[in-house]
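Residue strings, one per chain:
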Amino acid sequence: MDLLNLKRITDYEWELPKQEDMRVPGMIYGNTEIIEHLKEDVRLGKDWNALKQIANVACMPGIQKCSIALSDVHPGYGFPIGGVGAFDSEEGVITMGGIGFDINCSVTALKTSLKEEDIRKNAKPLLNSLFKIVPAGLGSTGKVRLNFHQIDEVLTGGAEWAVENGYGEEKDLEFIEENGRVKEADPENVSEKAKQRQFKQMGTLGSGNHYVEVQYVAEIYDQEAAEIYGLKEKDVVVSFHCGSRALGHQIGTDYLKKLAEVTKKYGIKIKDRELVCAPINSEEGQRYFSAVCCGVNCAFANHEVLTHLIRKGFKEVFPDEKLPKFYSIGHNTCKKEYHEVDGKKKLLYVHRKGSTRAFGPGREEIPKKYRKIGQPVLVGGTMGTCSFILRGTEKGMNVTFGSAIHGAGRAMSRKKAKHQYRGDKLLKELENRGIHVRGHSMAGIAEEAPGAYKDIINVVECMDKSGIAKKVAMLKPIINVKG
Amino acid sequence: MDYELLEHEADIGIRGYGNTIEEAFETGARAMFSIMIDLETVKSEKNVKIKCEAPDIEALFVEWLNELLTKKDLEEMSFSRFEVKIYKDDIYRLEGTASGERFDQKKHKPKLEVKGATYSGLKIGKKDEKIFIQCIVDV
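Those sequence lines, one after another, are chains A and B.
The first sequence runs 12 to 494 under my numbering.
The second sequence runs 290 to 428 under my numbering.
Warning: the hint list may mix true and false statements.
[Claimed, not checked] Simulated DEER-style distance windows between Cβ atoms:
| no. | chain 1 | residue 1 | chain 2 | residue 2 | range |
| --- | --- | --- | --- | --- | --- |
| 1 | A | Gly-354 | B | Lys-415 | 32 to 38 Å |
| 2 | A | Gly-177 | B | Glu-365 | 22 to 28 Å |
| 3 | B | Lys-332 | A | Glu-375 | 54 to 60 Å |
| 4 | B | Lys-395 | A | Lys-383 | 48 to 54 Å |
| 5 | B | Lys-332 | A | Glu-199 | 37 to 43 Å |
| 6 | B | Glu-365 | A | Lys-143 | 18 to 24 Å |
| 7 | A | Arg-433 | B | Glu-364 | 30 to 36 Å |
| 8 | A | Arg-433 | B | Asn-336 | 34 to 40 Å |
| 9 | A | Gly-56 | B | Glu-364 | 39 to 45 Å |
| 10 | A | Gln-431 | B | Lys-395 | 24 to 30 Å |
| 11 | B | Gln-394 | A | Lys-182 | 32 to 38 Å |
| 12 | B | Asn-336 | A | Asn-443 | 47 to 53 Å |
FYI, nobody ran anything at the bench for these hints, they're computed from the structure.
These figures come from a predicted structure and were not determined experimentally.
Beta carbons: idealized from backbone N, C-alpha and C, even for Gly.
Bound conformation, chain B alone (with noise of 0.2 Å):
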């Protein structure tokens, strides 16, 4: 399991496990990418690069999420597959790749919009040897 989607009554909890926490990351990305989309539809023809930063870690991985939802709208995106780098030194910087292709409504089964990744429900955890990391996102 590489991600998990959590109950949460008015929208949904994302979850993401890695054995690093930068692999949690991308593994969040796709939690999130799936509520939307069919993933195994989405080619990976672009690269689209997002650089985002926060004071802390669990800030980080909002930031990184929100991110990849403005992208996905600016440049009329599906996303399914994701490269993060997360560098420290006073703040956490991240360095990402998300790739995709054009948003297709026909092929990628448009399922639910996430209209953004929140504050609540953001931790980090382990769970059987794995370093997960959480949150609720708005649909």
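Okay, chain A solo, but in the shape it has when bound (with noise of 0.2 Å):
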């Protein structure tokens, strides 16, 4: 197969031509840089390489007009990292390489009434606050305890589940994908393990790229979509990005196995053998589908339990902050939703790993108070640089699927960012520039190093030049509590 003859159709948007068993084509969204870095990969050889992860996905049954990779790819495991797949609900499949173990993996953002000065004045308090308010990092516990009975409550219910117990707030939902609730979670398709796991994680952010920011909007692109948004420069926000902790990763872990059995029990051929799936409109295709839809909704109401404690912590130092939600959304999952395919309105599971819906304006899964001006869009960089609010576009719903990219997307292994960086060192440069870092490892902020991930900066004006999602505010870091 030959990976490195992409077709150049504009400056950002690339093509890999359907060859061999490829039932479409791939389609990438990036710039000579981001391109010229995944030749490398096959050119060197590498055992993992995001070409071709994208070719893989393109061989998949029923997979719909092309295998997307979005401007922040790399390698993953089955698809590449900041990968789309858009499947036939009649013939495609349903693939766990498609959403993986952390499911709906999420960035929430909320909003305050403070401008940046007023971090600046209280960061070490406001730090300390949160960072004592978040139960983080490897092996924490959260306070709220589950019993089997209420797991289930929480995988049927999601943010609802949430806020009925005291955390969060009704008008939450509004700005949550989804509403913080997807319907076709039926806990009988969870193990009891993957439930008992969760008694003790509900509430908890986690470790690696897993975060809490406070950041202010510095920089503002498109003055209409902001005052939609309500932003406005200076302004502070305040997000934070962890997923469905333990439960996701039994789901995951459960359904590996369980699909290894049905893709050869259906006779289907993979290219790699983490892309097991099943047929969609199989009974074992909607299991997953449902236990999928579990572990989305145990990812949003963990986000709500957080956005309480968030809420605790800010009040320790500004007690009139209400931290109204901004908005939610995930990031590793599989969605039904309508799209159109050669001029017709069609049913699709669309799998994002490592990328975000970006509907366009108009969809009524958006919030009225968004709706015009499209969804939202939140990407998460690096506790060193900044990262970005854009808004989904129509151009968007029609060649990704309403997706943009979930973050700046890793440059460098975790192990070489070990060897290249430490972490009391890194903190001291942060400090020095007006950054509060404090975090559950130093191996683990090494390895979070801003070096070792891409530049957001190309990576987002990639999304903003193909189109595919417009850029409408930055936000740069004043504190960061990292898992």
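Can you join these two chains into the complex? Each is in its own frame, and there are hints to help.
Following this line, the structure appears as structure tokens:
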């Protein structure tokens, strides 16, 4: 297979031509720098490379239009990270490789009535308060304790469960993707082990690239959209990143094994073992989809409990702050959505692995307040650079099934980052730049060094220039609590 | 060298070496736990039995690792030593022991949580007279 011969459509759109067993072509939304980085991995003959993964996804039954990689693309397992694959609801499949272990890993942003200066004056006490109140790091447990009966309510209720139980507020629900609850979640399809692993993990952040960050609006690119989103320069936003915790991990584990058997049973040919799958309209496929929905709801509930804790932590320093929800979006999901294919509206199962929904103006899934300008897309950057708020577009609806990037995307392995950076030195450097970071692991901080990631400005520029998602605002960090 | 962490941009590859495949399974488990905790700080105070099975030896490795992750959470343990016996009839079966002690956030220097072991990059090979088995784990 020739993975190096990519066809340039525009400076920001590249096609991996259909060849051998590919049912559709691959499409990559990035500039030459990003494309060259991908090609380099192929030339070096690396064991895992994203171009091969894009091609592998293109070979799967029922895939629609093309196998997509966005500008934060890098090698994943099964799908590339930054990958999108949409499958026909009759002939298509649902695959573990397109969802992964951290089901509905999401970013939530909360607004404040504060300005940059308010945080700078109180950075230390606020950092300490957030660090203390948010359970984070490997092995941490939450204050919420669940039993088998309650966990089933979490899995069916999602963020609604949280609100009913005193975490978060009714008003939040409107500003969460899917209003914080997907309906197809049947806890019968989730193992006891998975439920049990979650008993003590509700309301925890996790580790690795999970964080809570206090940011300010450093730049606005689109006045009209910013006004609709209610964002002004110097405004303070609180964002956090985490997922469905151990419950999601165990659903992944359980179904990895089950789907391996199912793939064999139905004689589905896959190019990477991690792409184990089930026909979407089979009993097994629907069971997995339902289990994934349980994971999605668990992550929604987890985010709502964390929202509650962050509000409490903020009140210690800023008693009048209510932190209303700005928006919350997930990036390891499979969703039932209607999209236009060959001029016809079709029901599809859209897998987004390390990519987010980015619906264009008018879609009814978008909160009324934002609907006419398009869905807010929260792009999490590194602790030393910046994050972005983008908006979904009509073009994105037409070419990426309404999907955009989820972050900067790593450019360096954790192993290399740990050799190159030292946690304590990094913290000092960031401190000198007015960024206050506190983490649960020094090695973890080194692995998350800003230099280990792609240049987020470039990655976002590719989205903007290709028209997939347009820039609205840039957010810069002041405080970061690392998991 | 009994194990090695392999470079992967998003996640981490783990590789266990051994004179036998069973030893490679043991060192592979050590590789995975070395991502999460400081192995040297964990005393062997409690043994946890692990049983799993799979249609082939590679898949058995992933099963073994995932079973350890499940047990780590359910029993709130840190593991640092492992013993594995593999049997083959119509499928592959593993009976193993993981030794360690109750997870201690202060003592075990927790680092990065492993979310799951994947079939990606999964392979058995030989290097310098040793057998190795490897896969990518999601972090």
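Each hint tested on the structure:
{"no.": "1", "hint": "A/Gly-354 x B/Lys-415: 32 to 38 Å", "in the structure": "violated (55 Å)"}
{"no.": "2", "hint": "A/Gly-177 x B/Glu-365: 22 to 28 Å", "in the structure": "holds (26 Å)"}
{"no.": "3", "hint": "B/Lys-332 x A/Glu-375: 54 to 60 Å", "in the structure": "holds (58 Å)"}
{"no.": "4", "hint": "B/Lys-395 x A/Lys-383: 48 to 54 Å", "in the structure": "holds (53 Å)"}
{"no.": "5", "hint": "B/Lys-332 x A/Glu-199: 37 to 43 Å", "in the structure": "holds (40 Å)"}
{"no.": "6", "hint": "B/Glu-365 x A/Lys-143: 18 to 24 Å", "in the structure": "holds (22 Å)"}
{"no.": "7", "hint": "A/Arg-433 x B/Glu-364: 30 to 36 Å", "in the structure": "holds (34 Å)"}
{"no.": "8", "hint": "A/Arg-433 x B/Asn-336: 34 to 40 Å", "in the structure": "holds (37 Å)"}
{"no.": "9", "hint": "A/Gly-56 x B/Glu-364: 39 to 45 Å", "in the structure": "holds (41 Å)"}
{"no.": "10", "hint": "A/Gln-431 x B/Lys-395: 24 to 30 Å", "in the structure": "holds (28 Å)"}
{"no.": "11", "hint": "B/Gln-394 x A/Lys-182: 32 to 38 Å", "in the structure": "holds (35 Å)"}
{"no.": "12", "hint": "B/Asn-336 x A/Asn-443: 47 to 53 Å", "in the structure": "holds (49 Å)"}
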